[in-house]
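Engineer: Protein sequence lines, in the order shown, are assigned to chains H and B.
The letter at position 136 of the first sequence is residue 136 when you use the working numbering, and the numbering goes up by one with no holes.
Adding 1000 to a residue's 1-based position in the second sequence gives its number in the working numbering.
Hints may contain errors.
Said to hold, decoys possible - Label pairs and their computed distance ranges (CB to CB):
id: 1; chain 1: B; residue 1: E1003; chain 2: H; residue 2: I167; range: 51 to 57 Å
id: 2; chain 1: H; residue 1: A5; chain 2: B; residue 2: G1188; range: 41 to 47 Å
id: 3; chain 1: B; residue 1: M1245; chain 2: H; residue 2: S109; range: 56 to 62 Å
id: 4; chain 1: B; residue 1: G1188; chain 2: H; residue 2: I306; range: 48 to 54 Å
FYI, nobody ran anything at the bench for these hints, they're computed from the structure.
The structure presented is a predicted model; accordingly, all values stated were derived computationally and were not measured.
Even glycine gets a Cβ: it sits at the ideal position worked out from N, Cα and C.
Listed below, chain by chain, are the residues.
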Amino acid sequence: MKGYAPILLAVALLATVPLISSSNVVLNFLVMALLIALAGQGWNLLGGYGGQYSFGHAAFFGTGAYVTAIIQMRYGVNAWLGFVVGIAAGALVGAVIGALSFRSGLKGSYFALVTLAFAEVLRIVASVTPITGAGVGTLIKLDLRPEAFQFQSRAPFYWIVLGMVGISLILARMIERSRFGAYLVAVRENEDAAKALGVDATKVKLVAMTISAALTAAAGGFYAQYYLFIDAGIAYGPWISIEALLAPIIGGIGTVFGPLLGALVVKTLGEVAKLVTGGAPGLDLVIYGGVLILVVAFAPQGIAGIFNGLHRRIFRRTQPAEPDRG
Amino acid sequence: MAEALLQVENVSKRFGGLLAVNKASFAAFPGRITALIGPNGAGKTTLFSIISGFLPPSDGRIVYAGNNIAGTPPDRLARRGIARTFQIVQPFAGLTVRENIAVGSHLSRLRRADALAAADDVARAVGLGEALDRPAAGLTVAGRKRLELARALAIEPRLLLLDEVLAGLNPSEIRDMVPVIRAVVDRGITIVMIEHVMQAVMSLAGHVFVLSEGRIIAEGSPRTIAADPRVVEAYLGKGAAGRMMAEGAAHV
């Protein structure tokens, strides 16, 4: 099917990396980039396609991470099942926050602030409640068996997160080509006009937010299994809210590949910053801020937009017979 | 005459201390154009917003196809066959003309390909066939007005509310647009139009209601309305009709 081929190609290419390089540094870097790509695709579905800018995707990431961890450690449930429940819990948190905000008609910066507030409240609650391990955090017991969603080497982790990114790319493409996607974009462009054409804007936004939250929660659950430790600052901290929105904005907001491209660029810049500055804390954020300003000012469609522009220019040059009707 | 498709009964709308619409009543009958005219600020667009569900009325009933629809949200009304255009055009600016119209076509079509194909047909019917792949943001004023009409038609409505689709067009653009609107009525769609371009109202409308300061002050055929002294006064001020009569008599 046209449109899915680039996705399969990109995933297939990335899948060969562990076969070429067994370096843990490389794989670790790519796992984190793909994790951000997954969380960022979640943000992109709601923010990029739906125009609802969330500053609090940590609420979903953290819920996915904590529920995956807590359900295994406290209730002895299988890690894979815990992971699925974590995704469901994240989706539920998305649906609840979405229902509360959209039914009260919150838009734009008000929506952004409310999502930020929810994420912060969850962070504070998680840092004091016993079930999350409060300030100490939650450890997942080491159990290096595939049944326990833990592996000896990093390669299986890498393929799993790559598989999830692949699913998120296909999902984004499917939504792009569906009625739901058309309605979502219509709501982003002009909510009143969409309503006049029979679009139930509240419902469309709510569904988008639920899917968005589920994807970001999947990234959170994966994070817990990968590092086997989370605390309130990691799970619900603002870092993930920022990276989840930075990746799609830099990569190309409202495009299928934007979050993946952006995540690779953002993570590369982060590593470069660490090398150059010797790991001075916070400097990666300064770099992110600088890049964000440049992208917003000079390439509002992000990296994907630059690619599309080049593609169009080359295409036009090779076909001079095509009359320009623009 | 057949039963009215739309019956507005004593509808009022209050914004704080301002009575924008004051017990307005009118009816629209199937297969013809009903025009709503009146000076600026008379409450015409407010009345449209109430009928299309964007504003709840403070008082009164709106009977559409036999049911009171007052207070029903706009998307539900759209699914029941009421389409509207916006006086200040509201295109999905980032989308192409085809994608804009397809949002409407999707109402009765789940598949993307079907909706896009239907959008092509609608675009051609309103004369936007050439502009299908252009971004909506790049259209001229006349193009945007046509796009408003096309999107509304794409939901295949029974009742179409047109809010000044001719405003801002030059005389030749108006001449091009009038047959497009007439073709819509000929397909059996009932139209209520707010319009300031009297030349178009005269040639299109079967029945005219005049709204002034929130109240319906006159109704009738376009010809009787144009001669009604209350209407002249609503537009030109109190006593204007009398003075014009006197002047007219003096010139004879």
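Engineer: Now tell me if each hint is right for this structure.
Structural biologist: The hints, checked one at a time:
no.	hint	verdict
1	E1003/B with I167/H: 51 to 57 Å	54 Å, holds
2	A5/H with G1188/B: 41 to 47 Å	45 Å, holds
3	M1245/B with S109/H: 56 to 62 Å	58 Å, holds
4	G1188/B with I306/H: 48 to 54 Å	50 Å, holds
When each numbered hint is compared with the structure, no violation occurs for any of them.
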